[in-house]
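S.K.: Here is what each chain is made of, one letter per residue.
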Amino acid sequence: MDRKKAVEVVNVAKSFGTFQALKGVSFDIYDNEFFTMLGPSGCGKTTLLRMIAGFESPTSGTIRLHGKDILSLPPHKRRVNTVFQSYALFPHMTLEQNISFGLENLGWEKERRRARTAQMLEMVHMSQFARRRPAQLSGGQRQRIALARALAPEPEVLLLDEPLSALDLKLRQAMRDELRALQRATGITFVFVTHDQEEALDMSDRICVLGHGEIQHLGTPNEIYEDPENRFVADFIGETNFFEVDVLAVNGPQATIRTPMGQTLTTFHKGAQVGSKATLSLRPEKIGMEDQADGPAQSGELMEGRITGRNYMGGYTHYTVDVAGVELRVSRRNAVSHSASFDPGRTVRLGFRHDSARVLAR
Amino acid sequence: MTDVKRYPFARSFTALFFLYLYLPIGVVIFFSFNENRLVSVWTGFSLKWYDSALANRALMDAVKISLTVASIATVLATSVALMAALVIVRGRDVKFRRLSETVVNLPLLLPEIVLAVAVLILFSQLGLQNGMAKLIIAHTAFCIPFAFLPIRARLQGMEPDFEEAAQDLYATPWTTFRRVTFPLIAPGVFAGAMLAFVISMDDFITSNMLNSGGSTTLPVYIFGLIKQGTTPELNAISTLIVLGSLILATTALILTFRSEKRA
Amino acid sequence: MKPTDFRIWGLAPAWVIMALTLVVPIGIVILVSFASRGAYGGFDWGFSPASYAQILFEEDWDGNLAFTPQYLSIIGRTLWLAGLTTAICAALALPAAYTIAQAGGRAKAVLIYLVTLPFWVSMIVRVYAWIIILGNDGVLEKTLRSLGLVTDIDSLLFTNGAMLTGLVYSYIPLMILPVFASIEKLDPALIEASHDLYGSRFTTARRVILPLAMPGLMAGAILVFVPCLGAVLEPILLGGGKAMLMGNLIQTQFGGGRNWPFGAAIAVVLMVLVMIFLMVNALRARPEVPHD
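Residue numbers (the UniProt record's numbering), protein chains in the order written: chain Z, 1 to 362; chain D, 1 to 263; chain Y, 1 to 292.
Please note: incorrect hints may appear among the correct ones.
The list that follows gives simulated cross-link-like pairs (lysine-lysine, DSSO-like), each with its CA atoms no further than 27 Å apart [unchecked claim]: (1) D:K227 - Y:K108; (2) Y:K142 - D:K48; (3) D:K64 - D:K48; (4) D:K48 - D:K227; (5) Y:K242 - D:K5; (6) Y:K242 - D:K227; (7) Z:K4 - Z:K23; (8) Y:K142 - D:K5; (9) Z:K77 - Z:K4.
Since the hints were derived computationally from the structure, they do not count as laboratory data.
From just these sequences and the hints, can you work out the full model?
M.R.: And the structure:
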């Protein structure tokens, strides 16, 4: 590829005593991309971030920044900057002083510092607060200043440690758009850590899903959602229905399987083997319920079942439907105001396209 | 609505308690203004005992010595305590961290008389004669834990995030300490210094043990006066000490809160 | 500046000072306790358990050793008074600390300031105050007489009671602060929960407040008991030198008594008593909640 590599993580492992937090992971982060590390708590994503920043060292392995090995460098010598989860704005300095702190340490002259600080404040729309102190700001404002402070020194890579977790929902959504726009505008590589999958899917160019100390899947948001690498990823991202199925045949990227409900279908697979069991993953929104405007194509699979549960969520209604003893979760868009709702106990017809399902190794 | 957290008589008890704390001191102050020589029979108001106290050469010398020893010991003890606290609380992979903490707090674990005896014997074996030097060394030693505790508390209460952020923004360890750590722990350092100063000024046991010709501290001097008999002049001196302590304590409190607000 | 360097020389001054002024000297004290009494004061190096023997025995004219209870009674009195002082301080501190903790922000800070203020006043002044109060024709006697309660009483001074009063007064601030710190951390919801579950005020105090204040009480106990064991001022000024405690017993050996080895021996006994107390305390203490 002709894309330059901003960060190379090579076989990095980390143990805390006898506990192996990371088991030799390797991946590359390219210039100019919004790269997210996603996973449940304790999966090692924050540890990896801190290792790039220099606050922790790997037990083994190497990390390179634009080709240079940085493990031997202390944090204050690495040209990366961090937006901390708690923001860590210096309480005894004004916003201006916070932002110019890194520039002073880099030895920039006064005029250049002043210009850059003003530019950063303008970028996050906080110029009029320059002389204030962090304690006088709201959570969202502090977040923006933390961002400005980390971007001011023109780092090669910007590291963000769950920066949106302390914000309320509306603010978080607004900040997501701002962050993505910022990354596009500045062109700096963003390495983002979060446990919130919606954030990851929304903002990232590529996502690295971590679990059990390993990389479970590295790909674009679309790939990760629609073609998950394994059961862990399918389960962690979004919601899905899992069935244990028998693999009847494998033909290149496709496999033919039989479901516990008795159907036989052929669709894309990852790691299925003939004669053994596998998992079928089918997302709730891929299952059509009768009367829907865009119902299942006629070539899809049709089933009949009885509604056993219903959860009204505003824009969507989630149903649980019993189909031949198997419980399916179905998600139905409320496209019309006061949509007719299906009551529990009612019999409905369900359908889905074969190629909406995925076969995954057990 | 009953407040289940309130206990009957607790408030009156506490009021009596404060009375108990301040009555003795009040008595001393009261009788310092007494006109006659007795310390317990009031005849009239007079300031004459204050005059004689302030004219007392020996008393002034003792005050000077106490202030000198306390000032030097405070500076030394606080510096040592600060360095030790930085390593013990923030140091990475420090060997013997807990042992070091015990060592720093050693003077607190033993009664002062034992430590006084120990330094007395030590100095006599070393042949150290200089009274001031002996006092300063001994005072520094037992003031260190008092300076250490508030500094350590402040450091522990401070998130390591700030120091990491400073390093992330290219600050060297020294710059990090100078521009981030120290300003943020300043109230603790100040509290430690104040505590060390007071402990040194008030010390009796060790200062008495080490007492020789030119190194009589204020408490030791007062002790000598008490042995000779109670006089209102003693009351006057005591009241001046109470006044001094009050000013010191209040100043420390105000400055602590002011620097906390700025932080 | 390499991090390794600072870790070493950052701790070095503390270690050096403590080693030179405490660790080494204490070792010397132990050695001296086994030395022989010098002819003109001071001591001669050597190994002799004479000083320790002196605690228990005395040589009479015939050279026989007779058991002397005097020093044992001093040790006993010291332990007894220190223990009593600690108990009284705890009993006083608990309700006071609790009430202060109930107060609102500003008042609480002021009250704590007022509680610690006497601590800033030199101990010698505070002990002197009790001399004035308890002395013959002192303030207390005069007040009681003018109230018509007594006609004449022997001096209250120079008794165990006087010493006890002085000790409690001197060390109560050291008990209040840790107890207050413990009680302040107590979640008020716990008290409400106790009442919600049918506990009375007394039950709540006994089964919720007291156990949760225990860490503070333990810390306060150490801060009070240890210095009390080595108290010097109170026995001299309030005990009159007749009812001696270990503190002024040691003191006199290095002053007029001029028996350094004996003084060192008593100091060693004192150290051992403190160490036993600290060890018992450490064993009893519940393991701390691990910090991240």
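S.K.: Look at each hint and say if it fits the structure.
M.R.: The hints, checked one at a time:
1. Between the alpha carbons of K227 of chain D and K108 of chain Y the distance comes to roughly 40 Å, so the proposed pair goes past 27 Å and is violated.
2. A hinted pair counts as satisfied when its Cα atoms are at most 27 Å apart, and K142 of chain Y with K48 of chain D qualifies at roughly 24 Å.
3. Between K64 of chain D and K48 of chain D the CA atoms are separated by roughly 23 Å; this keeps the pair inside 27 Å, and the hint holds.
4. With a C-alpha separation of about 22 Å, the suggested pairing of K48 of chain D with K227 of chain D holds against the 27 Å cut-off.
5. Annotation: proposed proximity of K242 of chain Y to K5 of chain D is violated, straight-line Cα distance about 47 Å (limit 27 Å).
6. The straight-line distance between the Cα atoms of K242 of chain Y and K227 of chain D is roughly 15 Å, inside the 27 Å bound, and the hint therefore holds.
7. Of the supplied pair hints, the one linking K4 of chain Z and K23 of chain Z holds, its CA atoms being roughly 26 Å apart against a limit of 27 Å.
8. The suggested pairing of K142 of chain Y with K5 of chain D is violated, with an alpha-carbon distance near 41 Å, which exceeds 27 Å.
9. Restraint check for K77 of chain Z and K4 of chain Z: the C-alpha separation of about 22 Å stays at or below 27 Å, so the hint holds.
In terms of the numbered hints stated before, the structure departs from hints 1, 5, 8, listed from lowest to highest.
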